[in-house]
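> Read in our numbering, the sequence shown has 1379 at position 23, and its numbers run on one by one without any break.
What the hints contain is simulated information worked out from the structure, not anything from laboratory work. Ideal Cβ positions, reconstructed from N, Cα and C, are used throughout, including at glycine. Among the hints, erroneous ones may be present.
[What the hints assert, rightly or not] For each label pair, taking beta carbons as the anchor points, the in silico distance ranges come out as:
#1 N1367 <-> Q1408: 23 to 33 Å
#2 G1438 <-> M1414: 36 to 46 Å
#3 K1441 <-> T1384: 35 to 45 Å
#4 D1411 <-> V1380: 17 to 27 Å
#5 G1444 <-> P1373: 23 to 33 Å
[Stated by the list, open to error] Below, computed lysine-lysine pairings styled on DSSO-like, alpha-carbon distance capped at 30 Å:
#6 K1441 <-> K1368
#7 K1416 <-> K1368
#8 K1443 <-> K1416
#9 K1416 <-> K1433
#10 K1443 <-> K1368
#11 K1416 <-> K1441
#12 K1433 <-> K1368
#13 K1433 <-> K1443
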Amino acid sequence: MPVLQGFGLRNKSYILPDVGESVVALMTPNSDDGFGFLLGSFYHDDSPPPAQSQDISMLKFADGTTISYDRASHELKIDCVGDIKIKGRRIYLNE
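Working from the sequences, and respecting the hints, build out all of it.
Here's what the structure looks like:
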């Protein structure tokens, strides 16, 4: 079943739900073959959101790695349990 993504042409995103995750699907009308689209997952009591503030955007991975941005404090946090690799023509730190 196709999974709805945030971007899919020039900019691309790719995040799939885990097996057993609660999801919402839209099935095509009168479809005998079960064709539809997976619209996304949702939080519930057994799986609450990783942040409680509307100012925080966060990705939290199963291994504990998190990437979060707080638009109120203008703070980007990366907490990685493994190595971090940065590739660029030039990388500027505290310039």
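> For a quick check of understanding: which of the numbered hints are violated here, in increasing order?
Of the numbered hints given earlier, the structure breaks just one, which is hint 2.
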